[in-house]
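Student: Starting from the given sequences, assemble the full structure and let the hints guide the process.
So the protein sequences, as listed, match chains H and P. Reminder that position 258 of the first sequence reads as 258 in the UniProt record's numbering, one-by-one numbering, no gaps. Reminder that position 363 of the second sequence reads as 363 in the UniProt record's numbering, one-by-one numbering, no gaps.
There may be inaccurate statements among the hints.
Here are the simulated DSSO-like cross-link-like pairs (lysine-lysine), alpha carbons at most 30 Å apart as the crow flies [claimed, not checked]:
(1) K39(P) / K170(P)
(2) K14(H) / K560(P)
(3) K14(H) / K390(P)
(4) K130(H) / K14(H)
(5) K11(H) / K390(P)
With beta-carbon atoms standing in for the labels, derived distance ranges [unchecked claim]:
(6) L279(P) / P153(H): 22 to 32 Å
(7) D140(H) / D415(P): 55 to 65 Å
(8) E142(H) / E466(P): 51 to 61 Å
(9) G149(H) / L552(P): 56 to 66 Å
(10) T8(H) / D446(P): 23 to 33 Å
(11) S305(P) / S241(H): 35 to 45 Å
(12) D13(H) / T225(P): 44 to 54 Å
(13) P145(P) / G278(H): 32 to 42 Å
(14) E394(P) / T8(H): 18 to 28 Å
For the record, the hints were derived by calculation from the structure and aren't laboratory data. The beta carbon of each residue, even a glycine, is placed where N, CA and C say it ideally should be.
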Amino acid sequence: MSSDVRFTDFKSDKQPTWCPGCGDFGTMNGMMKALAETGNDPDNTFVVAGIGCSGKIGTYMHSYALHGVHGRALPVGIGVKMANPDLEVMVAGGDGDGYSIGAGHFIHAVRRNVDMSYVVMDNRIYGLTKGQASPTSREDFETGTTPDGPQQPPVNPKALALASGATFIAQSFSSNSQRHAEIVQQAIEHDGFGFVNVYSPCVTFNDVDTYDYFRDTIVDLDETDHDSNNRDQAKDKILESDKEYMGVLYQDEDSVPFEKREGVEGSMAEIPDGAPEGAMDLVREFY
Amino acid sequence: MPDDLNWAIGGEAGDGIDSTGKIFAQALSRAGRHVFTSKDFASRIRGGYTAYKVRTSVDRVESVVDRLDILIALTERTIHENEDELHDDSVIIYDGERTTMQDVEVPGDATALEVPLKRLAEDAGGAIMLNVVALGAACEVTNFPIENLDESLQKRFGDKGEAIVENNKKAARMGQEYVQEEFDHEFGYDLETTDEDYVLLNGDEAIGMGAIAAGCRFYAGYPITPATDVMEYLTGRIDQFGGKVVQAEDELSAINMTLGAARAGARAMTATSGPGIDLMTETFGLVATSETPMVICDVMRSGPSTGMPTKQEQGDLNMTLYGGHGEIPRFVIAPTSISECFWKTVEAFNLAEKYQTPVFLVSDLAMAVTEQTFPPEAFDMDEVEVERGKVVDEDDIDAWLDEKGRFQAHFPAADGVSPRAFPGTTDGAHMTTGLEHDELGRRTEDTEVRVEQVDKRERKVQTAREEEDFDYREYGDPDADTLVISWGSNEGAMREGLEFLAEDGYDIRFISVPYIFPRPDLTAEVEAADDVIVVECNATGQFADVVEHDVLERVDRINKYTGVRFKADELADEIKQTLAGDAGTTTEVEAE
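Tutor: Rendered as structure tokens:
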């Protein structure tokens with residue numbers, strides 16, 4: 001079946017309610033292309049989405065999917081993959097979902113390195129609640145709840161990931177559809193936790209981090225001599241404050257995903273209709 | 001009343017109290033005696049008073065009592081802590097050569113048995129074995145053949161090498177011989193042995209074993225007293241059956257991992273205590289509204305907040321019954337004994353999958369820290385049945401696709417239970433969400449669909465009431481005028497309590513309720529009795545409130561849950577219609 005799969009097979013018949021021009025359209029298209037390109041189909045794919053504009057993605061895509069609780073999408077994805085490593089697991093969310101309410105889960109999901117991809121639609125704003133500061137908003141970004149700006153530096157999610165032992169860190173931009181799809185595809189193909197931060201501009205509430213801003217500032221790593229297997233080079237690029245990069249910043253080619261280390265071999269769904277063979281030995285242990 | 005002996009070893013945390021007590025309890029169990037253990041302990045690694053207590057009899061014992069016959073006291077405080085339970089025939093074994101125990105006074109006419117535990121242990125090969133010397137001394141005092149300790153010592157020290165095992169056997173015998181030679185008299189205790197074969201386990205272990213028996217393959221949890229033993233039991237063991245335990249970064253993550261595994265088709269469980277349930281409540285509504293089968297085990301301890309982490313309480317009943325915003329269908333089951341911890345865990349998984357609903361399995365510290373003997377047949381694995389409910393595969397999925405070929409994971413079936421397709425099933429791809437959703441799992445605010453889905457989820461509870469046997473366990477005199485009701489772990493204490501009461505001429509009917517929701521209707525039983533007493537380990541009587549609620553006269557109800565508020569004229573009409581109708585009916589305001 002998978003050889004015939006087109007990326008539109010991953011599209012549901014529900015029309016997105018994102019604002020016209022929202023970066024999330026491009027982000028989602030790239031995800032669907034990458035899933036099709038990697039030989040997946042809707043019946044073997046599980047998409048987990050968080051809360052916020054980005055969280056609606058599960059509704060607009062067609063696959064097995066769960067739209068969960070704010071900030072907790074990553075643990076759900078881990079549970080799915082542990083219980084059935086044959087599934088393709090993709091988790092999607094926004095900067096608020098992933099780096100604010102879900103920040104604790106983010107660093108631990110990075111550490112755990114389960115074989116799945118995590119696509120964060122980073123628009124540096126809370127859109128669905130109509131424009132409050134997010135953890136990636138600039139220090140002086142004025143909003144209704146932060147009239148003088150947040151007065152605290154933005155989170156650097158790629159640095160957080162690197163410090164947490166990430167095996168795959170990438171930055172993408174929703175407007176560059178070809179490159180974006182390629183980058184997500186690389187995250188899917190990576191043996192471990194494939195983290196992609198996507199600049200996915202909010203055209204309604206963020207007039208600073210706009211399409212024009214990213215187009216003007218972003219540098220494609222493919223056009224540099226960046227070695228993505230070199231952690232030190234990745235660190236330098238990630239900590240640079242005056243440039244934005246697009247592409248795979250870091251990849252550990254020797255990554256072994258958590259579920260493999262733990263010896264999980266196949267789906268846990270099938271069980272016998274009584275106690276499993278050998279269960280009486282468990283009772284005898286208590287003699 | 002069982003002809004019982006009550007034994008304890010007490011000292012400071014870190015003195016090896018638990019493992020020494022367990023060696024004795026296992027020896028008794030292997031010798032064909034029933035055992036019921038309990039622990040006094042604090043939430044710390046070292047220091048502070050801790051004790052391991054063993055009640056034993058050739059008859060079944062299922063409670064602690066307020067009497068201590070033999071006490072091994074490693075500290076003077078141990079004697080003071082147990083002063084009220086000691087009596088004139090009690091024997092207190094302690095090391096009078098220790099500087100801190102030279103001026104020990106024993107209460108009343110109790111026998112002070114000074115045994116140089118440390119010195120004898122050193123002679124046997126090391127001071128570290130002083131507890132085992134004390135065990136040997138206790139064997140002599142209770143006329144319990146010393147050979148019975150050998151198998152337990154082998155079990156405890158076998159992985160440290162044969163020499164260590166032999167040294168411990170020697171240490172035990174030195175304690176025994178010392179008492180034999182220095183105190184040449186009978187103490188009046190006689191632990192007879194039988195040919196019975198018992199297993200010895202605690203409530204957390206029974207839950208863990210029940211989970212594996214039921215086909216649980218995924219467990220995610222975060223360590224917390226007194227639920228950690230469930231996780232420790234499963235770790236490694238569940239792997240032998242193709243499963244996995246994951247230690248999450250917190251309880252929020254634990255329940256969400258469990259949710260993911262359950263969505264992927266695995267039987268999945270998490271266990272925690274009250275503070276963890278607080279955190280898990282965030283995701284609980286999602287589990288229920290996404291109709292995901294899950295077993296959430298709450299091993300209760302004293303609250304609120306951090307409370308008394310190592311003390312007993314049944315304070316979470318209201319939280320498990322009502323916790324979470326909105327209205328959430330659920331099952332709440334509270335096993336009433338340690339063997340029932342096993343069987344109710346199996347049942348919890350079946351209910352969860354048959355009705356695609358979260359199940360709270362509510363246990364407590366009293367069962368978690370108590371080891372009790374059972375004949376192995378009490379856990380007959382051949383009796384375990386696995387019922388998975390409406391799982392569909394490639395062959396029968398077509399019946400559940402809509403006219404556009406889309407799988408209807410929330411189809412509003414007559415019994416409230418929709419088909420379930422595991423990810424990977426061809427044509428089964430579907431989403432689900434914590435938002436109100438339609439039969440396809442897509443978000444909706446359509447008032448008719450909203451009402452349809454709320455009713456569908458509630459119908460599962462109704463179906464379960466009709467299909468399942470949510471009955472109580474009954475003891476004592478069924479015709480007695482006095483009715484005592486309890487839930488959860490109090491059953492054992494109350495069953496033995498009936499014997500004390502019978503001695504004093506009290507005739508009692510005792511109902512023990514394992515099903516908290518849905519639960520048996522006790523109206524007839526309450527009305528048939530002159531006096532009704534509800535027994536529970538909490539301050540406000542949470543189950544008593546529930547019983548009183550159930551036997552109240554019914555009121556009429558007008559409910560609206562379309563998402564739209566009441567409107568004045570509409571409400572007036574509803575009131576008029578209700579008054580014109582039969583009393584005691586529920587009116588649901590129509591969707592608009």
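Student: Of all the hints given earlier, name the ones this structure violates by number, lowest first.
Tutor: none
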